[in-house]
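Undergrad: Quick mapping for you: the protein sequence lines, in order, are chains Z and H. Start counting the first sequence at 1; every next residue gets the next number (the numbering used here). Start counting the second sequence at 1; every next residue gets the next number (the numbering used here).
These aren't lab readings, by the way, just hints derived from the structure by calculation. Take every hint as true, because none was put in to throw you off.
Which copy is meant is left open, because identical chains are indistinguishable; a pair holds if it fits in one copy or across any two.
Simulated pairs of lysine-lysine, BS3-like, Cα-Cα distance not exceeding 30 Å:
(1) Lys344 <-> Lys29
(2) Lys344 <-> Lys117
(3) Lys342 <-> Lys117
(4) Lys95 <-> Lys5
(5) Lys476 <-> Lys211
(6) Lys29 <-> Lys405
(7) Lys239 <-> Lys211
(8) Lys29 <-> Lys342
Number of protein chains: 2
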Amino acid sequence: MFEEKLKEFEPIFYPKSIAVVGASATSIKAGSLWVENLRSAGFPGLIYPVGSSGGRIGDLKILPSLRLIPGEVDYVIVAVPRQSALELLDDCAAKNVKAVHFFTAGFSETDTQQGRKLEEQMLDKARQGNMRIIGPNCIGVYCPEHRIPLLMGILGENGSVGFVSQSGGIATKLVTIGIARHINYSKGVSFGNGIDLDASDFLQYMAADPKTKVIGAYLEGTRDGTRLFKTMRKVAEVKPLVVWKGGRTEAGAQAALSHTGSLASSAAVWSAALKQAGAIEVHSLEELTDTLLIFQQFGHGQGIRAAIIGGLADGGGGNSVAAGDACIENGLQVPPLSFETKRKLSELLGEVGGILCNPIDVSQAQFRGLATLFQAIDLIVKDTIGDVVLIQEDTEILLPIYSQKGLEEINEFFIELAGRQNKPVIVVLPPGSVEANRLRIEQRLLEASIPVFGSMERAARAICRLNQYSCWQEAK
Amino acid sequence: MFEEKLKEFEPIFYPKSIAVVGASATSIKAGSLWVENLRSAGFPGLIYPVGSSGGRIGDLKILPSLRLIPGEVDYVIVAVPRQSALELLDDCAAKNVKAVHFFTAGFSETDTQQGRKLEEQMLDKARQGNMRIIGPNCIGVYCPEHRIPLLMGILGENGSVGFVSQSGGIATKLVTIGIARHINYSKGVSFGNGIDLDASDFLQYMAADPKTKVIGAYLEGTRDGTRLFKTMRKVAEVKPLVVWKGGRTEAGAQAALSHTGSLASSAAVWSAALKQAGAIEVHSLEELTDTLLIFQQFGHGQGIRAAIIGGLADGGGGNSVAAGDACIENGLQVPPLSFETKRKLSELLGEVGGILCNPIDVSQAQFRGLATLFQAIDLIVKDTIGDVVLIQEDTEILLPIYSQKGLEEINEFFIELAGRQNKPVIVVLPPGSVEANRLRIEQRLLEASIPVFGSMERAARAICRLNQYSCWQEAK
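Isolated chain Z (complex conformation) (with noise of 0.2 Å):
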């Protein structure tokens, strides 16, 4: 599907060529920002900035004009005011250039007609260049893979997720969690006011790329909803796809206009199309990146009845009266335990002291040491009663009882139990009064491929959201 788009957007996604419009030997320009910020990722192409000041960055000449460059441009980077645009615009057709990056803002969003005027003279200098725009006002693109950063150099590892903002911020958002909890990106683009390229055209592109499994988007509107949602719904039917709708209130939209010229519709609109698109909806920054963790590590969903451990070495009690709650009143189901893992349980654990459910409280195992609390976890996770196994795992409660060293064997036994059977193991792993600790802890989990979350409430919302685009697709 959308095949086309693979050879389409080569030149954006892996240009073997980056001109850099706005480059400037002596002054901090933006233009600077990204020649340096390619050059240190290892950008593998050729890079050529193009400033009035002439000049070197580094060991690169910058050029005068773009019609100077020696070689070919597929991609141009666009830091000059906007008065400048449609005159570089005709620098680029006469380079042949395939698709040009307009970080520069000043159109649209002003609300002003001269502004919106001047976007449209930009779009029929690009049809009639036979070029792509790529913004204005936004960061453009970002592939790890083709070692291009994001504006501010950013760079994390190469993964399978690919996301679409119209917003850089939120993009740039994207990208630092994702270093911190191992959401590894395909490929994204925050397109800005997206005159030419829009949501539409990268979804579909996400859609046919093959080294993406799943896409994340953060949009403020369109100027074709129709065709927007048509393509969504193309794009579900073999991705899962994740979408934050920003604007939904009158403080939002009115925020939204003034940031990339969007006029917003109706939030009810948008969650009834997204709906019928099969595209799943989310409402912030830490559920887009909860769930985007979550269909990065398992793909697709398993069920949602969950089995739920607690009380590793105490106070589990409350947690696990607090635990049911989240996981019910966030859409998971928690069965009790058959009759007969209770008895083994009660059997290794003793009946006085835990709570023997579910959610189970093992606590009682600390004073049985590790090897029993290994068992008892075992135990349950072979129950059938559970399709995904949630373990919250209290570190300032843990260290005292088992000091590091116990704390780090019981994580490596998590990973271990994650990797000898079917079952999703996920961790919960709450803020508290160890964070040096607790971090460290995320960490090695995350690196294992586990995932691990904040709250009993996001773990059980990211859980229902991976089995929500599974039943989809079984239904459709």
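Chain Z is already provided as a structure; the job is to place chain H on it using the hints.
TA: Leaving out everything else, chain H in the frame of chain Z:
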């Protein structure tokens, strides 16, 4: 109100002497842990370890029986098996003990006839002996002012927040999160099965306690709903009361039964009753601590119109859209900036690239330096449209632009700003890719009494709850 409780509970929260039954010189028993923890916390009263092992814990001699303690005993902590409970209460009565805290579990929460009967007999003995029981199946009292730590020896700073928790695990979480987020407690209690003193009693005490300004409660169930809700209504008259009801769902309620022997009633009934009582209902540990933090800092609401500032260095566009949505969807109002402020900001920051509405994206200040950023924030804070100022700070965007020094300067400005004018200043500091830097800033702001939240959604909800109480107070 409830002033009689102050004297009655004096031996519980400010005991002159504590006996710990179940201490041992040779093995690591819970009783020994209590003794060690009281000692290392610097408990100013007398500590008497009691146990059959003989020997010493530090310089304290372990006595074979409670009856052999030479002086008076206010408070007894019991960590021996349930079989000894009745005999022990006889010993306590003989020593004229005021209150007995049963850490011991294995009573009605095991859902057995035997467990329930034992509780009835204990209650009879306590009444005959004119003693109060805390628990059984709980971790009892926390009082930083009197150097009584929680079970694991956890002891935070002395403060003005009281808590009443049926669960010891949740009590521990409240205290550890409190230490991390500078929520400082006057006192707290975990009362488990609550066969004698229960939520109503402790709430009455906290209402009367002059050291407590706001009360948080985690409750799973009650044996006397009428009394509890009458009490809550009276408590809410004098102090904000924030209640998290655990066991709202079937899985949660099942766990609550096994945890504290609580029969949970319908979530809807509780919600309605809490509303009527003027208590503020929350649904998770996160919401409870967020709400206690904001009450601790501000005491009462000053309005729900938010001035939202973002994009301190860059990336403020999409974040402004998202912040507007998050605030409005969670109950705040986000009125547009006044024309005058907008004009001044536009002079200061320029027309292009920022969003000069509300939420306000001040990112263009990055090209003009920190003094301009501070001027812009001052202008926004002075605008009368906001009752409260919400600032989103994205550490991983600020750090590369302003470096650690600039980051510190920005946060010192927030602290100074919060100090020199009357509007509450609240900072949203979302997690990202530079956690160590973010955590340092968070600590600095919290130390300076600026509430910090991990997301705009959480901040908005907390502000609404602050105002919910003020509205109820005015309307009642």
